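Undergrad: The residues making up each chain are set out below.
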Amino acid sequence: MTTATTSAPTATGGPKKRAVGVRKDMTAADIAATGLRDRWYPILPSRMVRPGESKKVTRLSVDWVLFRDPRGTVHMLEDRCPHRSAPLSVGQHLGDRLACKYHGVQVDGSGTVVSVPGMPGCALEGKQATVSLQVVEAADTIFAFVPLTRDSEPTPFVLPDRLTDEAVSWFPNFAEWAGPWRFYMDNVLDPMHGAFLHRDSHSMFGGDTSARFRIRETDRGFFFEKTDQVGVNFDWVEYVRGSMDYVDLEIPYAPNAGPGGVFGIVGMATPIDADNSAIFHWRTRRVAGWEREVWRFLYRTRLEARHWEVLEQDREVLEALAADADHEEHLYQHDLGVSRIRRIYRADAKKQAAILAGAPV
Amino acid sequence: MPEKAAHYLAPDQTHPEPISPYETKLSGSIMEVFGRGTHDLPGLIAGLNELGLHAPDGQAWNEHNFRAEMRRLGD
Ligand code: FES
Ligand SMILES: [Fe+2]
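As given, the protein sequences belong to chains A and B, one line each in that order.
Numbering follows this note's numbering, in which position 310 of the first sequence is assigned residue number 523; successive positions increment by one, without gaps.
Numbering follows this note's numbering, in which position 7 of the second sequence is assigned residue number 19; successive positions increment by one, without gaps.
Worth flagging that the hints you see were computed from the coordinates, not collected in a lab.
Since the structure is predicted, the reported quantities are computational estimates derived from the model, not experimental observations.
Cβ coordinates follow ideal geometry from the N, Cα and C atoms, glycine included.
Fair warning: there could be bad hints in the mix.
Between beta-carbon pairs, the in silico distance windows are [what the hints assert, rightly or not]:
hint, chain 1, residue 1, chain 2, residue 2, range
1, B, HIS66, A, THR377, 38 to 48 Å
2, B, ASN77, A, LYS314, 21 to 31 Å
3, B, ILE31, A, ALA467, 12 to 22 Å
4, B, ASP52, A, GLY285, 35 to 45 Å
5, A, ASP374, B, GLY70, 42 to 52 Å
This is chain A alone, in the form it adopts within the complex (with noise of 0.2 Å):
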């Protein structure tokens, strides 16, 4: 056959775009390596942006700023000054404004200039110049939709079930690791690490170093989970692609964590850049009554360490893996996890590169 099918896909897609907060071409590569746009992410806790305070991160590989106003309401602009690019979280915060420090020019959470200092009446007066992202103040963290072009339309900001269920009593973690977010989603669809990393911690001590998975489709996502053994050690984890990305899984708590349901963890990762991640966990428990106050003073003096003990383990994998170890590996059977999650976020990658060049999707 000779048709034309190497001729430039903006041909028969509309015009090429570029992805919001970024001035070059990417590739379906660099959009998996920083991360998959048009979903809501968590991007910090609330309680490190305080009233009148703004605070810089980077997120998906672009610069934000993120600023609380005087309402309580939190912004999230893109780090970069309408006139000249200066980052606007150096100057200074006015209430509702940022005012740029190198002329003076000030960007409301609008991301809309309302006033040229040096220049007034100036047509940049009005103009909305900088990418303002929508944001949601939900389980104590600051989501934004993050939109992979100018005409993407955010979806309904929905958290995950646990985090909903007034029976469900939860604490937020949050943690930076040096290490690419695609491998924080490997690691917790590969629940067999728990019977071995995890092996001397307070909830991953019992149970078969050995088992045979399975996938379980759903409607929003997949299991994926032991067929012999459940409710003993890390035994399943659930995906779900809903609003946002997030993985849900239960592990059961020893007796001397008192009585209540099982400890329930809702994880998410947001790329920070091609190689560092910021990672979200609730940690939960169905609890009500007494056993609910009992189980938040122990959580405080006594399970936040142990907790974080056992991320600390996961962490210090992910950061000692080579940035190309997702490359000739030998996967066996307890990788069928993360082989679909791999494929699903190449093919999600994919996609957004095509709308990026303008093809047919």
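Add chain B with the ligands to chain A, keeping to what the hints say.
TA: For chain B with the ligands alone, coordinates are given in the frame of chain A:
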């Protein structure tokens, strides 16, 4: 990795203040009683009293002062 030094890694995110020796003792005792398989409130309170631990007012633990103390320290 130059950025690594700046990474946020905080083991104690729910209690910025250090845990007091009193809280350490109390939480350790609660886990000790739970560890024996006692998972009901009267059993827990009896267990704490048997360990010779006193409520903040110097009295023995009862359901009322115990739950009040958990609420005070837990949230
Ligand atoms: S670069 Fe910000 S005011 Fe000029
Ligand atoms: Fe782990």
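Undergrad: Let me make sure I understand: some of the numbered hints might not hold for this structure. Which ones are they, in numerical order?
TA: 2
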